[in-house]
Amino acid sequence: AQKVTQAQTEISVVEKEDVTLDCVYETRDTTYYLFWYKQPPSGELVFLIRRNSFDEQNEISGRYSWNFQKSTSSFNFTITASQVVDSAVYFCALSEKSGNTPLVFGKGTRLSVIA
Amino acid sequence: DTEVTQTPKHLVMGMTNKKSLKCEQHMGHRAMYWYKQKAKKPPELMFVYSYEKLSINESVPSRFSPECPNSSLLNLHLHALQPEDSALYLCASSQESPPGKGGYEQFFGPGTRLTVL
Chain A
26 AQKVTQAQTE
36 ISVVEKEDVT
46 LDCVYETRDT
56 TYYLFWYKQP
66 PSGELVFLIR
76 RNSFDEQNEI
86 SGRYSWNFQK
96 STSSFNFTIT
106 ASQVVDSAVY
116 FCALSEKSGN
126 TPLVFGKGTR
136 LSVIA
Chain B
32 DTEVTQTPKH
42 LVMGMTNKKS
52 LKCEQHMGHR
62 AMYWYKQKAK
72 KPPELMFVYS
82 YEKLSINESV
92 PSRFSPECPN
102 SSLLNLHLHA
112 LQPEDSALYL
122 CASSQESPPG
132 KGGYEQFFGP
142 GTRLTVL
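Protein chains in written order, with the working numbering: chain A, 26 to 140; chain B, 32 to 148.
If you're looking for bench data, these hints aren't it; they were derived computationally from the structure. Don't take every hint at face value.
[As the list claims (entries may be wrong)] Below 25 Å or equal to it, Euclidean Cα-Cα: the simulated DSS-like pairs (lysine-lysine) are:
#1 B:K69 x A:K28
#2 A:K132 x B:K71
#3 B:K84 x A:K122
#4 A:K132 x B:K50
#5 A:K122 x A:K28
#6 A:K28 x A:K95
#7 B:K67 x A:K132
#8 B:K72 x A:K63
#9 B:K84 x A:K63
#10 A:K122 x B:K67
#11 B:K67 x A:K63
[Unchecked claim] DEER-style ranges, computed between Cβ atoms:
#12 B:K72 x A:Q108: 23 to 31 Å
#13 B:M58 x A:S67: 14 to 22 Å
#14 A:I36 x B:Q126: 42 to 50 Å
#15 B:K49 x A:R88: 45 to 53 Å
#16 A:K41 x B:N88: 42 to 50 Å
#17 A:T55 x B:N88: 23 to 31 Å
[To be verified] These stretches of chain A come out as covered by chain B in the derived footprint (C-beta under 8 Å, 3 or more residues):
#18 38-46
#19 66-72
#20 89-100
#21 112-122
We put the CB at the ideal spot given by N, CA and C, even for glycine.
Take these sequences, add in the hints, and give me the full structure.
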């Protein structure tokens, strides 16, 4: 069965600090996909990144970076030099190639960036 | 264009009302989804349409009735709802339809905030 755990329920940081959001997943499939979504107070889920299980390269996009480690079943998300606009709930999600559920979400991490 | 639109943005209805939520995408996606999200919880999948056919119904009560008139539109008909159905209803679309395939990112609309009195 597939499962995503985001152990951090809420994080508060001061603007310009770096922050890492943790995501640990469980799956029996060898082919699977990992995602991060951002949900600002307005409510819309914004897609940030997709990773497939065969691509362990880390990725950087501006102030965002992702660290995918199959050995520890983790897909962590780091925001560098955080800004107030980064305040949101961030969801990690998993999709198995042979699974019946299209997307399994973690419970989310609420990030508050204080000016 | 990576936009999914939803109307209305807000909806207040009584328990005896009938209303509909609408969702539209023009990305050529052939899979569309309805999710329900309660406060401080992740989205919960309700329905999946693949090529305009219902492929997943997550044991949703019959007072929620989905409809996919064409590949761009998705409706959710509401009837005799309960106060506990108050939530944010999110529509999403993606390139492929799980299960068995998939792994494509889903693009979400802004949601409809539903309040049932």
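The hints, checked one at a time:
1. Among the hinted pairs, K69 of chain B with K28 of chain A is consistent with the structure: their alpha-carbon atoms are about 19 Å apart, no more than 25 Å.
2. Only pairs whose Cα atoms come within 25 Å are accepted, and K132 of chain A paired with K71 of chain B is accepted, the gap being roughly 8 Å.
3. Under the criterion of a C-alpha separation no larger than 25 Å, the hint pairing K84 of chain B with K122 of chain A is consistent with the structure, at around 20 Å.
4. Annotation: proposed proximity of K132 of chain A to K50 of chain B is violated, straight-line Cα distance about 30 Å (limit 25 Å).
5. Between K122 of chain A and K28 of chain A the CA atoms are separated by roughly 14 Å; this keeps the pair inside 25 Å, and the hint holds.
6. Using a Cα cut-off of 25 Å, the hinted pair K28 of chain A and K95 of chain A holds, with the two alpha carbons roughly 15 Å apart.
7. This hinted pair checks out: K67 of chain B and K132 of chain A have alpha carbons roughly 14 Å apart, not beyond 25 Å.
8. Restraint check: the Cα-Cα separation between K72 of chain B and K63 of chain A comes to about 13 Å, which is no more than 25 Å; the hinted pair holds.
9. Proposed proximity of K84 of chain B and K63 of chain A is contradicted: the alpha carbons are some 29 Å apart, above 25 Å.
10. With a C-alpha separation of about 23 Å, the suggested pairing of K122 of chain A with K67 of chain B holds against the 25 Å cut-off.
11. For the hint pairing K67 of chain B with K63 of chain A, the CA-to-CA distance comes to about 17 Å; that is within 25 Å, so the pair holds.
12. At about 26 Å, the beta-carbon gap between K72 of chain B and Q108 of chain A stays in the expected band of 23 to 31 Å.
13. Taking the beta carbon of each, M58 of chain B and S67 of chain A are about 21 Å apart, inside 14 to 22 Å as hinted.
14. One distance hint, 42 to 50 Å for the beta-carbon pair I36 of chain A and Q126 of chain B, is violated here, with the actual separation near 32 Å.
15. A hinted range of 45 to 53 Å holds for the C-beta pair K49 of chain B and R88 of chain A, which are about 46 Å apart.
16. Checked against the given bound of 42 to 50 Å, the beta carbons of K41 of chain A and N88 of chain B, roughly 47 Å apart, stay inside it.
17. For T55 of chain A and N88 of chain B, the hinted distance range of 23 to 31 Å is satisfied, since their beta carbons lie about 29 Å from each other.
18. Chain B is given as covering the segment 38-46 of chain A, and this is violated because 0 residues of the stretch bring a CB closer than 8 Å to a CB of that chain, at least three being needed.
19. Figure legend: the segment 66-72 of chain A, annotated as covered by chain B; annotation consistent (6 residues with Cβ-Cβ distances under 8 Å, at least 3 required).
20. Coverage of the segment 89-100 of chain A by chain B is violated. Counting CB-CB distances below 8 Å, 0 residues qualify, and the rule asks for three or more.
21. Counting residues of the segment 112-122 of chain A whose C-beta lies closer than 8 Å to any C-beta of chain B gives 3; at least three are required, and the coverage claim holds.
Hints 4, 9, 14, 18 and 20, counting from the list given before, are not met by this structure.
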